[in-house]
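Residue numbers (the numbering used here), protein chains in the order written: chain A, 1 to 320; chain B, 1 to 565; chain C, 1 to 258.
Mixed in with the good hints there might be a few duds.
[What the hints assert, rightly or not] Covered by chain C, according to a simulated footprint, are these stretches of chain A (three or more residues, beta-carbon under 8 Å):
{"#": "1", "segment": "53-61"}
{"#": "2", "segment": "84-95"}
{"#": "3", "segment": "161-168"}
{"#": "4", "segment": "204-211"}
{"#": "5", "segment": "232-241"}
[Claimed, not checked] BS3-like mimics (lysine-lysine), calculated; alpha carbons at most 30 Å apart, straight line:
{"#": "6", "chain 1": "B", "residue 1": "Lys59", "chain 2": "C", "residue 2": "Lys65"}
{"#": "7", "chain 1": "A", "residue 1": "Lys16", "chain 2": "C", "residue 2": "Lys65"}
{"#": "8", "chain 1": "A", "residue 1": "Lys251", "chain 2": "B", "residue 2": "Lys438"}
{"#": "9", "chain 1": "B", "residue 1": "Lys467", "chain 2": "A", "residue 2": "Lys284"}
{"#": "10", "chain 1": "A", "residue 1": "Lys308", "chain 2": "C", "residue 2": "Lys65"}
To be clear, the hints were calculated from the coordinates, so they are not data collected in a lab. Where is the CB? At the ideal position from N, CA and C, for every residue including glycine.
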Amino acid sequence: MKFLVFLEHYHGELEKGGLGVLSKAASLGEAAGVVLGPEAREVAGGAGAYGASTVYVSEDEAFASPLPQPRVDALAALVGQTSPDAVLFGASVLASDVAAGLAARLEAGLNWDLTDLVLEGDELVGKRPALGDTVLVDVGWTGAPRIALVRAGALDPVESGGSATVEDFEVGFSDFSTLATLVEQTQEESSGPSIEDADVIVAGGRGLGSPEAFSLCEQLASALGGAVGATRAVVDAGWYPYSTQVGQTGKTVSPRLYVACGISGAIQHKVGMQGSGTIVAINKDPNAPIFDFCDLGVVGDLHQVVPKLTELVRARRGDH
Amino acid sequence: MTRPLDFPPAFGPTDVMAVPTDPPDQRIEVGILIVGAGPGGLACAIRLGQLLEERPDIKERLGEVPVAVLEKGKQPGSHLLSGAVVQPRALRELFRGRLTMADIPTYGQVPGEAVYALTRRTSYRIPAPPTMRNHGNFILSVSELGRFLAQQAESLGIAVLPETPATRLLVQEGRVVGARTGDRGRGRNGERLANFEAGSDVVAGVTVLADGTQGLLSSAAIERFGLAGENPQIWALGVKEVWRVRRPLRRIIHTMGWPLRAFAGYGEFGGSFVYPMGDDLVSVGFVAGLESRDVELSVHDLLQEFKTHRLVWSILRGGERVAWGAKTITEGGFYSLPRRFNAPGLLLVGEGAGLVNVPRLKGIHYAIESGRLAAEAAFRVLERGEVPSRIGALDSYDASLRRSGLWQELYEVRNMRQAFDKGFFVGGALASAMTVTKGHAPNGRRPTHPNAAAPLVRTGRARRYPKPDGKYIFDKLSSVFASGNRTRDDQPSHLRVETRVRRPVAEAWEWMCPAHVYEVGRDLGEGMVSVHVTPSNCVQCGAITAKGGQLTPPEGGSGPEYTVT
Amino acid sequence: MRIAVCVKHVPDATVHKRIDPTSKRLDRSGEGALNPTDLNAVEEALRIKEAHGGEVVLVSLGPAKSMDSLRKALAMGADRALLVADDAVAGSDLVATTAPLARALERESPDLVLFGQASSDGDGAVLWAAVADRLRRPLVSQVASLTVETDSITGKRQTEHGYDVIRAPLPAVVAVSDAINEPRYPSLKGIMGAKSKPQETLDLAAIGIDVGLVGEAGSKTTVLELGPPPSRGDQVKIEDDGSGAEKIVEYLLERRLI
Numbered sequence: 001m002k003f004l005v006f007l008e009h010y011h012g013e014l015e016k017g018g019l020g021v022l023s024k025a026a027s028l029g030e031a032a033g034v035v036l037g038p039e040a041r042e043v044a045g046g047a048g049a050y051g052a053s054t055v056y057v058s059e060d061e062a063f064a065s066p067l068p069q070p071r072v073d074a075l076a077a078l079v080g081q082t083s084p085d086a087v088l089f090g091a092s093v094l095a096s097d098v099a100a101g102l103a104a105r106l107e108a109g110l111n112w113d114l115t116d117l118v119l120e121g122d123e124l125v126g127k128r129p130a131l132g133d134t135v136l137v138d139v140g141w142t143g144a145p146r147i148a149l150v151r152a153g154a155l156d157p158v159e160s161g162g163s164a165t166v167e168d169f170e171v172g173f174s175d176f177s178t179l180a181t182l183v184e185q186t187q188e189e190s191s192g193p194s195i196e197d198a199d200v201i202v203a204g205g206r207g208l209g210s211p212e213a214f215s216l217c218e219q220l221a222s223a224l225g226g227a228v229g230a231t232r233a234v235v236d237a238g239w240y241p242y243s244t245q246v247g248q249t250g251k252t253v254s255p256r257l258y259v260a261c262g263i264s265g266a267i268q269h270k271v272g273m274q275g276s277g278t279i280v281a282i283n284k285d286p287n288a289p290i291f292d293f294c295d296l297g298v299v300g301d302l303h304q305v306v307p308k309l310t311e312l313v314r315a316r317r318g319d320h
Numbered sequence: 001m002t003r004p005l006d007f008p009p010a011f012g013p014t015d016v017m018a019v020p021t022d023p024p025d026q027r028i029e030v031g032i033l034i035v036g037a038g039p040g041g042l043a044c045a046i047r048l049g050q051l052l053e054e055r056p057d058i059k060e061r062l063g064e065v066p067v068a069v070l071e072k073g074k075q076p077g078s079h080l081l082s083g084a085v086v087q088p089r090a091l092r093e094l095f096r097g098r099l100t101m102a103d104i105p106t107y108g109q110v111p112g113e114a115v116y117a118l119t120r121r122t123s124y125r126i127p128a129p130p131t132m133r134n135h136g137n138f139i140l141s142v143s144e145l146g147r148f149l150a151q152q153a154e155s156l157g158i159a160v161l162p163e164t165p166a167t168r169l170l171v172q173e174g175r176v177v178g179a180r181t182g183d184r185g186r187g188r189n190g191e192r193l194a195n196f197e198a199g200s201d202v203v204a205g206v207t208v209l210a211d212g213t214q215g216l217l218s219s220a221a222i223e224r225f226g227l228a229g230e231n232p233q234i235w236a237l238g239v240k241e242v243w244r245v246r247r248p249l250r251r252i253i254h255t256m257g258w259p260l261r262a263f264a265g266y267g268e269f270g271g272s273f274v275y276p277m278g279d280d281l282v283s284v285g286f287v288a289g290l291e292s293r294d295v296e297l298s299v300h301d302l303l304q305e306f307k308t309h310r311l312v313w314s315i316l317r318g319g320e321r322v323a324w325g326a327k328t329i330t331e332g333g334f335y336s337l338p339r340r341f342n343a344p345g346l347l348l349v350g351e352g353a354g355l356v357n358v359p360r361l362k363g364i365h366y367a368i369e370s371g372r373l374a375a376e377a378a379f380r381v382l383e384r385g386e387v388p389s390r391i392g393a394l395d396s397y398d399a400s401l402r403r404s405g406l407w408q409e410l411y412e413v414r415n416m417r418q419a420f421d422k423g424f425f426v427g428g429a430l431a432s433a434m435t436v437t438k439g440h441a442p443n444g445r446r447p448t449h450p451n452a453a454a455p456l457v458r459t460g461r462a463r464r465y466p467k468p469d470g471k472y473i474f475d476k477l478s479s480v481f482a483s484g485n486r487t488r489d490d491q492p493s494h495l496r497v498e499t500r501v502r503r504p505v506a507e508a509w510e511w512m513c514p515a516h517v518y519e520v521g522r523d524l525g526e527g528m529v530s531v532h533v534t535p536s537n538c539v540q541c542g543a544i545t546a547k548g549g550q551l552t553p554p555e556g557g558s559g560p561e562y563t564v565t
Numbered sequence: 001m002r003i004a005v006c007v008k009h010v011p012d013a014t015v016h017k018r019i020d021p022t023s024k025r026l027d028r029s030g031e032g033a034l035n036p037t038d039l040n041a042v043e044e045a046l047r048i049k050e051a052h053g054g055e056v057v058l059v060s061l062g063p064a065k066s067m068d069s070l071r072k073a074l075a076m077g078a079d080r081a082l083l084v085a086d087d088a089v090a091g092s093d094l095v096a097t098t099a100p101l102a103r104a105l106e107r108e109s110p111d112l113v114l115f116g117q118a119s120s121d122g123d124g125a126v127l128w129a130a131v132a133d134r135l136r137r138p139l140v141s142q143v144a145s146l147t148v149e150t151d152s153i154t155g156k157r158q159t160e161h162g163y164d165v166i167r168a169p170l171p172a173v174v175a176v177s178d179a180i181n182e183p184r185y186p187s188l189k190g191i192m193g194a195k196s197k198p199q200e201t202l203d204l205a206a207i208g209i210d211v212g213l214v215g216e217a218g219s220k221t222t223v224l225e226l227g228p229p230p231s232r233g234d235q236v237k238i239e240d241d242g243s244g245a246e247k248i249v250e251y252l253l254e255r256r257l258i
């Protein structure tokens, strides 16, 4: 199967999301990448290490802004020129819009929020969680190309060695694609990821005992590069802001790592985080429901375990 | 002796009364206002719709919105819960000449029935008492019935307004002039949020209160207009689950006895029901009176315990719980009925007015019947060109209630519920005597005592409750989730309770509440504790009102989202 | 200024949400409501109308009972509702959904088309980009703050790295995030007035869309099978004897999470 993978880059480096999808594509068939925008030629070669045999690039002016519609033109042209069986994207604000625009342009099938791709016989099958990650659905395509949007962070980049040929290609733009223009761009020096985007969340519940104990979660989150979450009970009590509430009446999150500190795991909380990749729970009550659905459960005093954990993580990261 | 009654909240009926405060051009004017889109309120609306259809001249006089129904739930049916086995008489009368029972969503007629007395290990089939013979009655979901009746009302041009609670009864110069709706968009401390929307004064010539068990406006109106009956009103708490089952159940079942205890001193009265709903659903519920005295009495957990009995296990085994809910049931019967069901500009309908027959386990058809009669009384006043707020103008409603079949039925069983104050066996004997003699013996009025006045005792009862496993036996928070409750967290608490109480009271509330709203908080010394309240769990069953606090409606649309209960 | 808001009636997020095992599609029977983030789009449209004058028209594709949800948006202050309801639409995927939706929008000739950013039933997250392509108009998505001028809009858009400010000439398609505003509650007057606002239901023939373009026939994706999610694998539960933190670090290292 022949794949075309959309790769994004930022500040001279290819983004992990696209590389993860590329690695998967390379393991299933023949993979080519496409990089668009300033410095595309420079970064494109790096995709070879992740399994791309060819990387198509364009540094056209139109790609200087992070806008989707010119990219739809580019991919549509490339699809016309190279006839891939499938076009893959790692989800991002930009990539999602490009994938959907491309699906409309080519009248092709788009499956999104995929957590995996496999080949069953000759057919490409996507795996997609549904209903709050309680059900896994197998999805397929009819016709070509097959367009797939993979959930952010679901696939890890795997280096397979190898190098890629970098090729320029020509794009013609539709009359409407360049109507939207970038007026201003601000990079945010954020204090950490927001809870929705975070790869790691350290959440605190009633077991913390007091609002001051949230500093334990904050420090661990900072050491892990993540965000702090809270349960309904502690938000109700005013210990932490509502914007950090995870659960049925708060936010639904699915980070790669969720550390639950002093959280009992009632279903109202569970439905907000059960899709997390790995769940580690620390609670002194051995019968807390959270121990039924976490991956690693530690029965113990979080006031001892969490600071120790923070210290060890910091030591590993070499900062102190 | 510690009694919940001794810790009243800082809230009373006068807090529910108000005069219209909106500028006159901001008030919403309707012809007839109905509070509550339950079977009672909607039957009233439907009957009015039918009558007004035939008299467009009268309809015209009622203005742009002739009839409006206010409903606090997300939609009609969201807050409706019952068994239910319904006597069809009232529905047939309501839809005479238009629909038959075949057009109404039900699960068919009762296929057969059995009554059991249970012990922990066995069940004894007993002959169905005459009050419990359901041949010819229909099984249905009152939530589904509510949705159906709302559609019927809307097709007759009635405005049904969901997510709109009535929080105040508007009374001016001794007349009821309408109701005020609740604010939306307030934060936890009452502050106005960005999307704050104030409630409105809805003014009407006639206000019909059909706000159900623990109806805030009904109870306040009864107090305000001196309408209270001879006995204080009392309640039971019912908790039910709906299960998808492997094998169809082909009869309705009622049980008494285990897990309730027979000794009078515990004040445990109640029983269970198991009803098939079609071939693949079963409703199972447990009901217990709230005068129960044990601190650890939890009807939620009694239902879980009940499910462990072989009789129930054989029905539910291999199935899946698809819904859960809880609601109080008005139990006082005949002597707790208001002494009058109307006041200037006001009509009282359904369960909020005490119209429930506990021994027969029937209330839905009384609600429908009283709703219909209320509509006819209001219509007569309009027909005569009278002012509905004139004293006595609506008295024909009372007269028609007394002439109706429901009145006689309630009279026959007027002392039956109270007999069970003597415990299961004596109560049972008394009840039999009453049944056989059609209520003539023993004679006289037996008193009731307010639920919150029952002094609390401790017996270690909680040890018997089964441990949740998340598949067959459930904990309270899972149940709240299964009710569809997604109440917004940062709104003001709608529960008026004293939060500094003696420990046994806090514990009693913690066990009593099926939704885990109340928890024993900090120790305050001298035997007192604080009460921790989580209002967003509340499924508005009303138990707290019976046991010393007061439930008021939260922001519109909050609470459970029942669909098949 | 005519603002069209694309809204969707989704099954209510109660416990009954399930996938129908025979059709393998989300069981949409039972009650529903407007997709929550669509309310942000409706709110934004109402604010624009209040500032600039004009009309807000709701456009939706779904079963006939969707009109109940549309009425709630009319109660908030929208002026008209247009629902494309046709049995043939059931089972449409993205490509098949956007064909009738884009046609209905074209019919309205709006100056601005608004979408809410996500859909609670898992069907969205990408719809607006596909519609913008079909309409051949500029797109700005993930908008957290929107300014409208006579001929153009400027949107502040959140990305993973910060904010972009994008301008586009009208007519344009804008997808708003839930951070953009707090949707208003309808007033009681609004609720009561909603019934009498124009509500149109059209089938595919009325908007000139061939049945073959929608439904399963018009879709290019398929649902093959449902299964339980991959089990979480072996669960480990330990008692902290002082080395709990170390064991956690080991565990995380094994899984390359740190």
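- Task: Below or equal to 30 Å on CA atoms is what counts here, so check Lys251 (chain A) against Lys438 (chain B).
- Result: Cα-Cα ~59 Å, so violated.
- Decide if the proposed pair is consistent with the structure: Lys308 (chain A) and Lys65 (chain C), CA atoms, cutoff 30 Å inclusive. 56 Å, violated
- Assertion that chain C covers the segment 161-168 of chain A - criterion: three or more residues, beta-carbon distance below 8 Å: Violated, because only 0 residues of the segment 161-168 of chain A bring their Cβ atoms closer than 8 Å to Cβ atoms of chain C.
- Is the Cα-Cα distance between Lys467 (chain B) and Lys284 (chain A) 30 Å or less? At roughly 19 Å apart (the allowed maximum being 30 Å), Lys284 (chain A) and Lys467 (chain B) satisfy the hint.
- Message: How does the segment 204-211 of chain A fare against chain C when you require at least three residues with a CB closer than 8 Å, holds or violated?
- Response: violated (count 0)
- Item | Satisfaction of hint between Lys65 (chain C) and Lys16 (chain A), Cα-Cα up to 30 Å | 44 Å, violated
- Message: Is the listed coverage of the segment 53-61 of chain A by chain C valid when you require three or more residues with a beta carbon under 8 Å from a beta carbon of that chain?
- Response: violated (count 0)
- Message: Just to be careful, I want the Cα atoms of Lys59 (chain B) and Lys65 (chain C) compared with a cutoff of 30 Å; is the pair within it?
- Response: Judged against 30 Å, a Cα distance of about 29 Å means the pair holds.
- Stated coverage of the segment 84-95 of chain A by chain C [criterion: 3+ residues, CB within 8 Å]: holds (count 3)
- Item | Whether chain C covers the segment 232-241 of chain A (at least 3 residues having a Cβ closer than 8 Å to its Cβ atoms) | Coverage by chain C is violated for the segment 232-241 of chain A (0 residues, Cβ < 8 Å).
Violated hints for the displayed structure, listed by number in ascending order: 1, 3, 4, 5, 7, 8, 10.
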